[in-house]
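Visitor: Please model the complete structure; the sequences and the hints are all you need to start from.
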Amino acid sequence: MTSRIRRGFTLIELLVVIAIIGVLIALLLPAVQAAREAARRAQCTNNLKQLGLAVHNYHDTWGGFPMGEMPGGMSPHVGLLPFLEQTQIYDSFNMNLGQRWIWTQPATLTVGRTKISAYICPSEIYTEYASDIYQFYASNYAWNSGTWYPRTGAWDGLFGRSYGPNSVPPEATIDGLPNRPLNNMTFASAKDGTSNTLLCAEVANGPLVAGVTRTKVSDCFETGGFSNTSTVQEAVTACNQVDWTTGPIPWGGSWRYKGYSWVEGSVWRNWFNSIRTPNQTCCVSLPNQWWSIMKPSSSYHPGGANAVMADGSVKFFKETVALNTWMALSTRTGGEVVSADQY
1 MTSRIRRGFT LIELLVVIAI IGVLIALLLP AVQAAREAAR RAQCTNNLKQ LGLAVHNYHD
61 TWGGFPMGEM PGGMSPHVGL LPFLEQTQIY DSFNMNLGQR WIWTQPATLT VGRTKISAYI
121 CPSEIYTEYA SDIYQFYASN YAWNSGTWYP RTGAWDGLFG RSYGPNSVPP EATIDGLPNR
181 PLNNMTFASA KDGTSNTLLC AEVANGPLVA GVTRTKVSDC FETGGFSNTS TVQEAVTACN
241 QVDWTTGPIP WGGSWRYKGY SWVEGSVWRN WFNSIRTPNQ TCCVSLPNQW WSIMKPSSSY
301 HPGGANAVMA DGSVKFFKET VALNTWMALS TRTGGEVVSA DQY
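The UniProt record's numbering applies: residue 1 is where the sequence shown begins, and numbers increase by one.
Mixed in with the good hints there might be a few duds.
[Stated by the list, open to error] Derived CB-CB ranges, DEER-like:
#1 Gln342 <-> Arg113: 20 to 26 angstroms
#2 Ala340 <-> Val23: 39 to 45 angstroms
#3 Gln233 <-> Gln135: 35 to 41 angstroms
#4 Val16 <-> Thr114: 53 to 59 angstroms
#5 Ala34 <-> Gly63: 29 to 35 angstroms
#6 Ser117 <-> Ala38: 15 to 21 angstroms
The set of hints was computed from the structure by calculation and includes no laboratory data.
For each residue, glycine too, the CB sits at the ideal point set by N, CA and C.
Guide: Structure follows, in structure tokens:
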């Protein structure tokens, strides 16, 4: 009785099989990653949709928008909590302590350490605390301050400002009402049309720790102090010249201009302006003019960023959008005519 000899793989055959498997992995992996990113982007779109709906519900309830920009005060994110099924967190704030310098309020510090999923894009890579001082969680969604650059004195976005020239506002209550009288914006304020006016857009967060690899998308970079007569173009030119691969992290890495806290209402924290298109470099004038910031919309989605319009629709804006188009979409009463094929 003869036995059948079992023939195994030769070395060449084994190498061919391994090569084929490698090719299949190389072909399938990008497809899998693309599918995952598509799912993350869809969730991000839904987050912005919910934010837009929350603003509309807030507006219907109180007759105006949440409070506007205020250093040391509370951001619009706080007022929207009850409209995002986060009433318990909202009720944790002590609204009777005054609105300025929320860092001194223990209740605010505690709530600020709460991670709000609706405020975070799934593609965000820095999902831990965005502050090594207070350990606050950040938000990826910033509000439209328009073409505003502090040196121009203009504020033409959809939200108003909540403090006066000397940064000492009248002590208005923060019981859900817009912070009046300086911020009394409504949807009627969008004379350009709610479908042509940005409400809120993505802003990617950056690493807090010094020495971490930096990117144009995630960080804000120091340009050096500008003169009191500096123009927007001077600021933009200076920002374009920043070496973002080695540029210093502002204030020694102790504070973040991007991704600091969803609670705080300063313009450099939860707002964006449009004098730079999506995913361009963010710059701040240091050391003595920290309020002079160019903070564009940005994201970890390839090629652009999501934004919700004042009518509640969510759109993806390419980073190649023309600057004049992007600026036109950020103004509420500019009178510009913008068609959908321009972005």
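Visitor: A separate judgement is required for each hint: does it hold in the structure or not?
Guide: Structure-based check of all given hints:
1. Our hint of 20 to 26 angstroms for Gln342 and Arg113 is violated, since their Cβ atoms are close to 42 angstroms apart.
2. A beta carbon spacing of about 41 angstroms between Ala340 and Val23 agrees with the range 39 to 45 angstroms that was offered as a hint.
3. A beta carbon spacing of about 39 angstroms between Gln233 and Gln135 agrees with the range 35 to 41 angstroms that was offered as a hint.
4. Roughly 55 angstroms separates the CB atoms of Val16 and Thr114, a value that falls within the hinted 53 to 59 angstroms.
5. At roughly 44 angstroms, the beta carbons of Ala34 and Gly63 sit outside the given window of 29 to 35 angstroms.
6. Between Ser117 and Ala38 the beta carbons are some 19 angstroms apart, a value that agrees with the proposed interval 15 to 21 angstroms.
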